[in-house]
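Could you build the full structure based on these sequences and the hints that come with them?
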Amino acid sequence: MMDADDRQIHDRSPGVEERESGAGVLTYTVGLVLALVATIASFVVSQTHLLWPPGVTVGLVVLAIAQIGVHLVFFLHLGSGPDNTNNILALAFGLLVVFLIITGSLWIIANLTANMPLLPVQ
Amino acid sequence: MAAVISSGFSTGVERADGAGPAPVRVVVAYGFWLFILSDIVMFSGLFAAYAVLSDNAAGGPTGRELFDLQKVFIETFCLLLSSYTCGLGALAAEWRKLKHFLIYAALTFSLGAAFLYIEFSEFAGMVSQGAGPTRSAFLSAFFTLVGAHGAHVTIGLLWLIYLVAQIVIKGLRPAVLRRLLCFSLFWHALDIIWIGVFTLVYLMGKQ
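Taken in order, these protein sequences are the chains called A and R. Here numbering that gives the first Met the number 0 is used: position 73 in the first sequence is 72, and no number is missing along the way. Here numbering that gives the first Met the number 0 is used: position 5 in the second sequence is 4, and no number is missing along the way.
Hints are computed from structural coordinates only; laboratory data are not their basis. All the pointers check out, no bait thrown in.
Beyond 10 Å from chain A on every Cβ pair, some chain R residues (computed): (1) Phe-122; (2) Gly-124; (3) Met-125; (4) Gly-129; (5) Pro-132; (6) Thr-153.
Partial chain R-side listing against chain A, Cβ under 10 Å, derived: (7) Tyr-29; (8) Ile-35; (9) Ala-47; (10) Ala-50; (11) Glu-93; (12) Asp-190; (13) Leu-199.
Ideal placement from N, C-alpha and C gives every residue a C-beta, glycine not left out.
Shown next, in the form of structure tokens:
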């Protein structure tokens, strides 16, 4: 049984929908404000003694990760909705590869430098 | 409540309610998202190379002497604002407001071009004071990482010109709107990579 509403939905080729993404100006504005706060905070933290000096690097990394999260949610609209499951899974795999490449390189090269110190240039 | 239609074929990306294949824009965005992630994996290699080599200045100038954080802050601000105007432009296109879209596209282009101009003048200044990519391992890694990001921004600007021309000639059709969706994903992703660049290269290099 098909009523008028169903016919309207199914009278198109599959997958072509006049559906909007659901994002609004407010989403982008909130994202911009949060990203600006994180950016300004990281510049201030790096140039002042607001944080305990040895902790500045950790503070910068935390702020960068927070800002990346803000960009993913408010600009790239990566949410927890059913349409996003595949995107999130792909992101998780991408992050795993990025983590392996960066920490693996740093680990191996640090080990190499410790065990094979460079001789001073003649 | 829509009846469940068994369409007899599968796109591999089913809708959560089981009512047929996923919308084309969801599938297109997923494919482009996979490309962006592979681009981010490529950048992670450049980031790793920079992190490993950044201390090897070979007696030449170090980041502390070369970097000007005021310029970097303006660059960051330009790129962030252009991400914002790009998002608003995508909304205007979705709402079929051509004039608003063109204004936001022009703003996005000018902010991106301002970013590139500042970056290029920084590079030119460094090369002219003998701190070019051939000076040390640190500078080779610096120019490769920051230059790769700049090359992506350049490609993004060319792509934006091409898209605006398509929209002016063909109008705001669904197929063109999906290309615009891919562009805005690309542009926002470049901003995410820049967060890594200004944190790792500039702010930590200036410590």
